[in-house]
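Peer 1: These protein sequence lines are chains Z and L, in that order. Using the working numbering, you'd call the opening residue of the first sequence number 1 and step up by one each time. Using the working numbering, you'd call the opening residue of the second sequence number 1 and step up by one each time.
Hints should not be assumed to be uniformly reliable.
To be verified - These stretches of chain Z come out as covered by chain L in the derived footprint (C-beta under 8 Å, 3 or more residues):
| hint | region |
| --- | --- |
| 1 | 3-12 |
| 2 | 15-22 |
| 3 | 25-36 |
| 4 | 47-56 |
| 5 | 61-70 |
| 6 | 74-85 |
| 7 | 94-107 |
Stated by the list, open to error - The following label-pair restraints were derived from C-beta to C-beta distances:
| hint | chain 1 | residue 1 | chain 2 | residue 2 | range |
| --- | --- | --- | --- | --- | --- |
| 8 | Z | F9 | L | R33 | 48 to 56 Å |
| 9 | L | R33 | Z | Q3 | 13 to 21 Å |
| 10 | Z | D108 | L | A3 | 51 to 59 Å |
| 11 | L | P32 | Z | T84 | 25 to 33 Å |
| 12 | L | L4 | Z | H44 | 32 to 40 Å |
Everything labelled a hint here was simulated from the structure, so no lab data went into it. Glycine included, every Cβ here is placed at the ideal spot set by N, Cα and C.
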Amino acid sequence: MIQAPELPFWAALIVALLVLAGAAVALIGSIGLLRFRSFYDRVHPPTIGTSLGTLLICLASIVCFSVLRTRPSVHEVLIFTFVTLTTPVTYMLLARAALYRDRTEGSDVPRDDESEDDASA
Amino acid sequence: MTALMLAWAITAAQMMLGFAMLCAVYRILMGPRAQDRVLGLDTFYVNAMLMLLAFGIQTGRTLYFEASLIIALLGFVGTVALAKFLMRGEVIE
Chain Z
1 MIQAPELPFW
11 AALIVALLVL
21 AGAAVALIGS
31 IGLLRFRSFY
41 DRVHPPTIGT
51 SLGTLLICLA
61 SIVCFSVLRT
71 RPSVHEVLIF
81 TFVTLTTPVT
91 YMLLARAALY
101 RDRTEGSDVP
111 RDDESEDDAS
121 A
Chain L
1 MTALMLAWAI
11 TAAQMMLGFA
21 MLCAVYRILM
31 GPRAQDRVLG
41 LDTFYVNAML
51 MLLAFGIQTG
61 RTLYFEASLI
71 IALLGFVGTV
81 ALAKFLMRGE
91 VIE
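So here's chain Z without its partners, still in its complex pose:
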């Protein structure tokens, strides 16, 4: 279903470019998730979607609603702040869990340097 809000030309141009760029960044991140080989490689690409992609689409939404209502409307900052704060926490927890599981299985991953002094492996 094709529809769009009635914006002046400059605002429509800005919103269109920001939305397209944000979606393209999120798509690139997800393709990286699809194609990288090991889990520790795959942790990295989705973060460009969650940081830059969210920033661009939130900016587009801010511009769109500010122009539509003719007053500043910045509640999308909430989403951006929350996602930016929580994504590193989530992925660090996930990577630590994966590292713990790999160590328990005896896979070829770096050892735990904090508990051993001769960490030369």
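Chain Z is fixed; fit chain L onto it per the hints.
Peer 2: Same frame as chain Z, now just chain L:
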């Protein structure tokens, strides 16, 4: 003319986000390990959140903004709980 250009741009963005969600679904279904599935789930909900924001721009309603905020909150809690489960074998100790 202006509205048409914006409409096509938003539709194209939604299709790109949909394809990104498909990539995440592939990672959820194919694994190969549990942490890959959790990572795919996390990417999936972030893309869904961006998709809802795009819907909000398209319709000009703020309802979609609230839905995407809730997805962001619940997705964070869900992924942290799953990571904790993978680490310890239980969520609440």
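Peer 1: Could you run down the list of hints and mark each one as holding or not?
Peer 2: Consistency of the hints with the structure:
For the region 3-12 of chain Z, the stated coverage by chain L is satisfied: 8 residues place a CB nearer than 8 Å to a CB of that chain, which reaches the threshold of 3. Chain L is given as covering the region 15-22 of chain Z, and this holds because 6 residues of the stretch bring a CB closer than 8 Å to a CB of that chain, at least three being needed. Given as covered by chain L, the region 25-36 of chain Z passes the check, having 7 residues with a CB less than 8 Å from a CB of that chain where 3 are the minimum. Interface restraint, the region 47-56 of chain Z with chain L: holds (4 residues with C-beta to C-beta distance below 8 Å; minimum three).
Residues of the region 61-70 of chain Z with a Cβ under 8 Å from some Cβ of chain L number 4, which satisfies the need for three, so the listed coverage holds. Coverage of the region 74-85 of chain Z by chain L holds [criterion: at least 3 residues with CB-CB distance below 8 Å; count 6]. Counting residues of the region 94-107 of chain Z whose C-beta lies closer than 8 Å to any C-beta of chain L gives 6; at least three are required, and the coverage claim holds. Checked against the hint of 48 to 56 Å, the pair F9(Z) and R33(L) passes, with Cβ atoms roughly 50 Å apart.
Checked against the given bound of 13 to 21 Å, the beta carbons of R33(L) and Q3(Z), roughly 42 Å apart, lie outside it. Restraint check, D108(Z) to A3(L): a C-beta distance of roughly 56 Å satisfies the suggested window 51 to 59 Å. The supplied range of 25 to 33 Å is met by P32(L) and T84(Z), whose beta-carbon atoms lie about 30 Å from each other. Distance hint check: the CB atoms of L4(L) and H44(Z) are about 38 Å apart, consistent with the given range 32 to 40 Å.
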